[in-house]
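Could you build all of it, start to finish, from the sequences and the hints given here?
Number of protein chains: 6
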Amino acid sequence: MSGSFYYAHVESVRCGSDSVGMVDVSDKPEILREAVAVGLIRLRRETVRLIQEEKVIKGDPLHTAEVAGIMAAKKTSELIPHCHPLPLTSVNVDANLIGDSSVQVRSTVKTQARTGVEMEALTATVVGLLTIWDMVKQYEKDAEGQYPVTVIENIRVEKKVKEDETSERKH
Amino acid sequence: MSGSFYYAHVESVRCGSDSVGMVDVSDKPEILREAVAVGLIRLRRETVRLIQEEKVIKGDPLHTAEVAGIMAAKKTSELIPHCHPLPLTSVNVDANLIGDSSVQVRSTVKTQARTGVEMEALTATVVGLLTIWDMVKQYEKDAEGQYPVTVIENIRVEKKVKEDETSERKH
Amino acid sequence: MSGSFYYAHVESVRCGSDSVGMVDVSDKPEILREAVAVGLIRLRRETVRLIQEEKVIKGDPLHTAEVAGIMAAKKTSELIPHCHPLPLTSVNVDANLIGDSSVQVRSTVKTQARTGVEMEALTATVVGLLTIWDMVKQYEKDAEGQYPVTVIENIRVEKKVKEDETSERKH
Amino acid sequence: MSGSFYYAHVESVRCGSDSVGMVDVSDKPEILREAVAVGLIRLRRETVRLIQEEKVIKGDPLHTAEVAGIMAAKKTSELIPHCHPLPLTSVNVDANLIGDSSVQVRSTVKTQARTGVEMEALTATVVGLLTIWDMVKQYEKDAEGQYPVTVIENIRVEKKVKEDETSERKH
Amino acid sequence: MSGSFYYAHVESVRCGSDSVGMVDVSDKPEILREAVAVGLIRLRRETVRLIQEEKVIKGDPLHTAEVAGIMAAKKTSELIPHCHPLPLTSVNVDANLIGDSSVQVRSTVKTQARTGVEMEALTATVVGLLTIWDMVKQYEKDAEGQYPVTVIENIRVEKKVKEDETSERKH
Amino acid sequence: MSGSFYYAHVESVRCGSDSVGMVDVSDKPEILREAVAVGLIRLRRETVRLIQEEKVIKGDPLHTAEVAGIMAAKKTSELIPHCHPLPLTSVNVDANLIGDSSVQVRSTVKTQARTGVEMEALTATVVGLLTIWDMVKQYEKDAEGQYPVTVIENIRVEKKVKEDETSERKH
Numbered sequence: 001m002s003g004s005f006y007y008a009h010v011e012s013v014r015c016g017s018d019s020v021g022m023v024d025v026s027d028k029p030e031i032l033r034e035a036v037a038v039g040l041i042r043l044r045r046e047t048v049r050l051i052q053e054e055k056v057i058k059g060d061p062l063h064t065a066e067v068a069g070i071m072a073a074k075k076t077s078e079l080i081p082h083c084h085p086l087p088l089t090s091v092n093v094d095a096n097l098i099g100d101s102s103v104q105v106r107s108t109v110k111t112q113a114r115t116g117v118e119m120e121a122l123t124a125t126v127v128g129l130l131t132i133w134d135m136v137k138q139y140e141k142d143a144e145g146q147y148p149v150t151v152i153e154n155i156r157v158e159k160k161v162k163e164d165e166t167s168e169r170k171h
Numbered sequence: 001m002s003g004s005f006y007y008a009h010v011e012s013v014r015c016g017s018d019s020v021g022m023v024d025v026s027d028k029p030e031i032l033r034e035a036v037a038v039g040l041i042r043l044r045r046e047t048v049r050l051i052q053e054e055k056v057i058k059g060d061p062l063h064t065a066e067v068a069g070i071m072a073a074k075k076t077s078e079l080i081p082h083c084h085p086l087p088l089t090s091v092n093v094d095a096n097l098i099g100d101s102s103v104q105v106r107s108t109v110k111t112q113a114r115t116g117v118e119m120e121a122l123t124a125t126v127v128g129l130l131t132i133w134d135m136v137k138q139y140e141k142d143a144e145g146q147y148p149v150t151v152i153e154n155i156r157v158e159k160k161v162k163e164d165e166t167s168e169r170k171h
Numbered sequence: 001m002s003g004s005f006y007y008a009h010v011e012s013v014r015c016g017s018d019s020v021g022m023v024d025v026s027d028k029p030e031i032l033r034e035a036v037a038v039g040l041i042r043l044r045r046e047t048v049r050l051i052q053e054e055k056v057i058k059g060d061p062l063h064t065a066e067v068a069g070i071m072a073a074k075k076t077s078e079l080i081p082h083c084h085p086l087p088l089t090s091v092n093v094d095a096n097l098i099g100d101s102s103v104q105v106r107s108t109v110k111t112q113a114r115t116g117v118e119m120e121a122l123t124a125t126v127v128g129l130l131t132i133w134d135m136v137k138q139y140e141k142d143a144e145g146q147y148p149v150t151v152i153e154n155i156r157v158e159k160k161v162k163e164d165e166t167s168e169r170k171h
Numbered sequence: 001m002s003g004s005f006y007y008a009h010v011e012s013v014r015c016g017s018d019s020v021g022m023v024d025v026s027d028k029p030e031i032l033r034e035a036v037a038v039g040l041i042r043l044r045r046e047t048v049r050l051i052q053e054e055k056v057i058k059g060d061p062l063h064t065a066e067v068a069g070i071m072a073a074k075k076t077s078e079l080i081p082h083c084h085p086l087p088l089t090s091v092n093v094d095a096n097l098i099g100d101s102s103v104q105v106r107s108t109v110k111t112q113a114r115t116g117v118e119m120e121a122l123t124a125t126v127v128g129l130l131t132i133w134d135m136v137k138q139y140e141k142d143a144e145g146q147y148p149v150t151v152i153e154n155i156r157v158e159k160k161v162k163e164d165e166t167s168e169r170k171h
Numbered sequence: 001m002s003g004s005f006y007y008a009h010v011e012s013v014r015c016g017s018d019s020v021g022m023v024d025v026s027d028k029p030e031i032l033r034e035a036v037a038v039g040l041i042r043l044r045r046e047t048v049r050l051i052q053e054e055k056v057i058k059g060d061p062l063h064t065a066e067v068a069g070i071m072a073a074k075k076t077s078e079l080i081p082h083c084h085p086l087p088l089t090s091v092n093v094d095a096n097l098i099g100d101s102s103v104q105v106r107s108t109v110k111t112q113a114r115t116g117v118e119m120e121a122l123t124a125t126v127v128g129l130l131t132i133w134d135m136v137k138q139y140e141k142d143a144e145g146q147y148p149v150t151v152i153e154n155i156r157v158e159k160k161v162k163e164d165e166t167s168e169r170k171h
Numbered sequence: 001m002s003g004s005f006y007y008a009h010v011e012s013v014r015c016g017s018d019s020v021g022m023v024d025v026s027d028k029p030e031i032l033r034e035a036v037a038v039g040l041i042r043l044r045r046e047t048v049r050l051i052q053e054e055k056v057i058k059g060d061p062l063h064t065a066e067v068a069g070i071m072a073a074k075k076t077s078e079l080i081p082h083c084h085p086l087p088l089t090s091v092n093v094d095a096n097l098i099g100d101s102s103v104q105v106r107s108t109v110k111t112q113a114r115t116g117v118e119m120e121a122l123t124a125t126v127v128g129l130l131t132i133w134d135m136v137k138q139y140e141k142d143a144e145g146q147y148p149v150t151v152i153e154n155i156r157v158e159k160k161v162k163e164d165e166t167s168e169r170k171h
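Protein chains in written order, with our numbering: chain A, 1 to 171; chain B, 1 to 171; chain C, 1 to 171; chain D, 1 to 171; chain E, 1 to 171; chain F, 1 to 171.
Among the hints, erroneous ones may be present.
[To be verified] Partial chain D-side listing against chain C, Cβ under 7 angstroms, derived:
(1) D24
(2) S26
(3) P85
[Unchecked claim] Under the rule of at most 30 angstroms between Cα atoms (straight-line distance), these lysine-lysine pairs were calculated in the BS3-like manner:
(4) K159/B - K58/C
(5) K159/E - K55/F
(6) K160/D - K141/A
(7) K159/D - K58/F
(8) K58/F - K160/D
(9) K162/F - K28/F
(10) K28/A - K141/D
(11) K141/A - K159/D
(12) K160/B - K28/F
(13) K160/F - K28/A
(14) K162/B - K28/A
(15) K55/A - K55/C
(16) K159/C - K58/B
[Stated by the list, open to error] Only some residues are given here: those of chain F computed to face chain E with a beta carbon under 7 angstroms:
(17) A72
(18) P81
(19) M119
(20) Q146
(21) I152
(22) I155
Simulated from the structure, these hints should not be mistaken for laboratory data. None of the values given here were measured: they were computed from a predicted structure. All residues carry an ideal CB built from backbone N, CA and C; glycine is no exception.
As structure tokens, then:
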């Protein structure tokens with residue numbers, strides 16, 4: 001094994017950028033953090049009517065989207081390379097019909113951690129919206145199997161809050 | 001992008017229940033919590049004898065079940081929608097022959113967290129039991145490929161303990 | 001790098017069992033396979049009444065269990081060490097109140113594959129049952145935080161079917 | 001164990017919908033299927049300039065988004081409850097600057113399977129877009145830590161193709 | 001929604017490489033493929049003696065490594081960005097003491113698929129070796145908590161085999 | 001349900017080792033911990049030249065390895081049975097050409113937790129190295145499809161550090 005570290009002293013010839021990594025949050029305080037994200041999926045009116053009348057054959061798209069969104073929030077750091085794994089203390093996902101041709105998903109995530117949870121709220125929201133799409137696929141496709149109407153839109157972080165850092169001591 | 005939030009002011013027409021989410025534990029104290037769960041799988045006597053004599057062709061079902069149970073405890077919040085992700089500090093899984101026709105799995109899980117770990121102990125136990133089943137499948141099936149004897153039973157939380165909340169300060 | 005394989009010729013001194021592995025199914029035919037598994041969770045009558053009246057605060061336990069069960073079927077080979085990853089073609093999970101103090105979960109799984117899907121049906125069933133437990137935890141605990149009544153029982157493979165292997169040619 | 005199935009004959013009292021499950025695709029042919037999905041994230045001009053000049057501190061957002069998108073395509077059936085697990089044969093993700101204030105992600109997914117891959121292409125696209133967001137978070141936040149500009153938009157299935165089913169025989 | 005695709009006609013200004021993706025294997029035949037990978041971990045003699053005498057406090061490192069290796073093979077396409085998800089038909093992992101200061105892990109993986117399984121065999125091997133390390137950590141650390149001896153070495157693909165493509169018809 | 005615990009009083013007949021589990025770290029302090037792991041993959045000179053000239057067809061192996069390594073660090077406790085799930089606060093992976101025939105991967109991981117992160121740093125490193133292998137597979141194989149040159153070597157923990165435990169109070 002002698003010499004096994006010889007290469008540590010060799011000049012690196014990497015062309016391009018430096019090392020890649022998560023932001024170091026080791027020294028940030030563990031405080032209460034919250035984020036709310038929203039987004040929208042536009043559907044055919046006929047599809048929205050089927051949801052309202054509970055006639056979607058695969059089951060209730062709104063409730064299924066809510067469950068999928070909650071579970072997705074917990075997978076955020078698996079999906080997004082630079083996200084820190086966080087001990088989420090609350091995840092709330094709400095899917096609602098909006099007008100006659102849209103479903104809105106709003107997700108609220110909380111944690112007591114060293115970094116914020118907007119990516120978790122966004123992930124819950126987009127997976128909730130994708131789940132709606134999947135649940136009503138058959139009603140949205142045209143004769144050629146294409147989706148002329150369906151579109152996911154307006155995914156935003158509505159609000160990001162963090163507890164006053166000076167108040168940390170109480171935890 | 002103007003107008004992108006117009007729908008926030010529209011009346012929601014969701015029929016049925018409110019939003020769905022994990023219980024908010026943000027304000028609960030981080031204390032030591034422990035749970036013990038047990039369960040049983042009934043097998044043919046001949047199968048139990050093969051386990052005892054270390055003749056099961058796929059390997060040692062008891063040890064494999066223990067490893068699978070430990071790994072499953074860490075997947076609890078991925079499997080059960082409303083479970084919080086928790087930093088488990090200890091997972092112990094014990095698979096034992098009981099009498100001449102059963103294997104018992106007992107799992108003990110600890111954490112320093114804001115909510116309890118009974119779901120983690122239960123998950124470790126049921127996945128341990130399913131692993132036993134999988135390891136001895138070939139000895140349990142009858143001529144038609146059915147399982148006339150095999151059954152998983154009596155999955156219970158034996159004990160749930162939490163440190164006195166007033167003692168939290170020492171951590 | 002010369003000599004890097006010298007150890008291939010050294011006597012292995014492993015005490016105990018041989019190598020461990022999945023059963024080799026490479027030469028088995030890809031045929032239609034189906035399995036049905038059932039199980040039961042016993043709850044307090046008061047809890048069952050709350051489910052029936054849709055008053056469970058965390059949401060609908062039956063629907064949530066169904067969604068969790070479907071998702072768990074797809075995780076079977078991640079949870080159980082010797083299970084083959086299979087391209088499931090159908091997963092159906094049904095959670096129902098039985099009498100005044102139980103919920104039954106029944107899962108049906110299909111595939112076109114080289115091995116059966118009873119472990120997938122069992123996994124969907126037990127995760128469905130664990131999800132029920134988690135959704136009604138607060139109503140099942142006594143004053144000491146213990147679960148005197150709650151128990152998961154009678155997890156069985158109700159039926160296992162495989163297409164006649166001679167009929168494979170049509171696929 | 002006698003009597004363990006007594007409840008099979010008891011009337012189910014489930015109020016509401018029937019069982020929930022994936023669509024059964026067991027009898028569909030394994031044919032070549034392809035889908036293309038696109039979406040857009042709007043950013044501050046200053047942020048887009050930083051991406052162009054390779055000055056984003058966390059690394060290259062476009063390449064990172066592409067890798068994250070590929071990996072997310074393979075997680076689709078874990079994220080979306082009713083999606084079938086499919087043996088993807090190709091995943092291609094392309095992140096590009098569009099104009100002076102947007103990044104577009106386009107994902108192409110192929111499989112030889114019994115059902116289509118539009119959900120996989122959509123999942124790759126949205127996770128790619130979320131990854132862009134995460135990589136440039138620090139440049140998008142205003143003094144209050146909010147995101148006044150950042151929005152993900154126009155997520156669509158651009159194209160869905162499947163091989164003529166009659167041509168299946170050649171495979 | 002009109003105009004939502006305007007950007008499809010805009011010139012892309014991406015500096016650098018093209019899109020990133022998995023190799024397209026859609027048109028390759030589904031044939032039997034097999035790969036064998038090996039690797040070695042060097043340990044203190046005292047540690048190897050403890051393994052031999054079954055005195056390692058955390059349990060049997062060899063068997064635990066074998067189980068972890070099998071499970072890791074199934075996670076290969078989750079870990080390595082460009083790996084295709086494959087329906088593994090067999091995974092075999094064998095951990096053995098070699099001489100008085102090493103453990104060797106050898107993994108054999110098979111599939112009936114459109115691309116080879118050397119990455120799966122390598123992944124099973126390295127995770128098996130990491131598991132050995134983890135199981136004996138406490139015996140390998142010196143007084144400063146460093147690992148002066150422990151090293152993983154010689155990870156190679158020993159053999160890669162594929163069935164004659166012309167023989168495919170029999171499947 | 002009476003008698004359901006009768007088996008708790010029956011003598012266990014398990015032959016062999018005791019229960020299996022993670023080390024209990026419940027009472028250890030949450031302190032800053034860091035680990036650095038390195039490893040090397042040897043490649044053909046021609047392959048290294050292709051990497052340097054950015055001509056590898058599948059994309060940039062170094063950057064892809066860095067992203068895969070970061071994501072793998074977060075999966076450590078899923079892969080290695082006895083590893084505790086930890087809230088990583090920083091992961092940094094650096095892939096570099098070394099001389100004319102090797103790539104080195106160095107990973108640095110930090111946490112504020114009850115146990116160290118050397119397994120996380122090792123996991124990031126080996127998955128980074130496997131990703132390099134996968135990205136250049138086609139250039140490393142000989143005419144028989146074997147890998148005569150490619151080998152992963154010298155995987156070591158370069159450094160392990162933990163904050164003075166007495167300093168914990170400031171957190």
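Hint check:
no.: 1; hint: D24; result: holds (4 angstroms)
no.: 2; hint: S26; result: holds (4 angstroms)
no.: 3; hint: P85; result: holds (6 angstroms)
no.: 4; hint: K159/B - K58/C; result: holds (24 angstroms)
no.: 5; hint: K159/E - K55/F; result: holds (27 angstroms)
no.: 6; hint: K160/D - K141/A; result: holds (10 angstroms)
no.: 7; hint: K159/D - K58/F; result: holds (24 angstroms)
no.: 8; hint: K58/F - K160/D; result: holds (24 angstroms)
no.: 9; hint: K162/F - K28/F; result: holds (12 angstroms)
no.: 10; hint: K28/A - K141/D; result: holds (18 angstroms)
no.: 11; hint: K141/A - K159/D; result: holds (11 angstroms)
no.: 12; hint: K160/B - K28/F; result: holds (21 angstroms)
no.: 13; hint: K160/F - K28/A; result: holds (21 angstroms)
no.: 14; hint: K162/B - K28/A; result: holds (29 angstroms)
no.: 15; hint: K55/A - K55/C; result: holds (23 angstroms)
no.: 16; hint: K159/C - K58/B; result: holds (24 angstroms)
no.: 17; hint: A72; result: holds (6 angstroms)
no.: 18; hint: P81; result: holds (5 angstroms)
no.: 19; hint: M119; result: holds (5 angstroms)
no.: 20; hint: Q146; result: holds (6 angstroms)
no.: 21; hint: I152; result: holds (4 angstroms)
no.: 22; hint: I155; result: holds (4 angstroms)
Taken one by one, the earlier hints all hold for this structure without exception.
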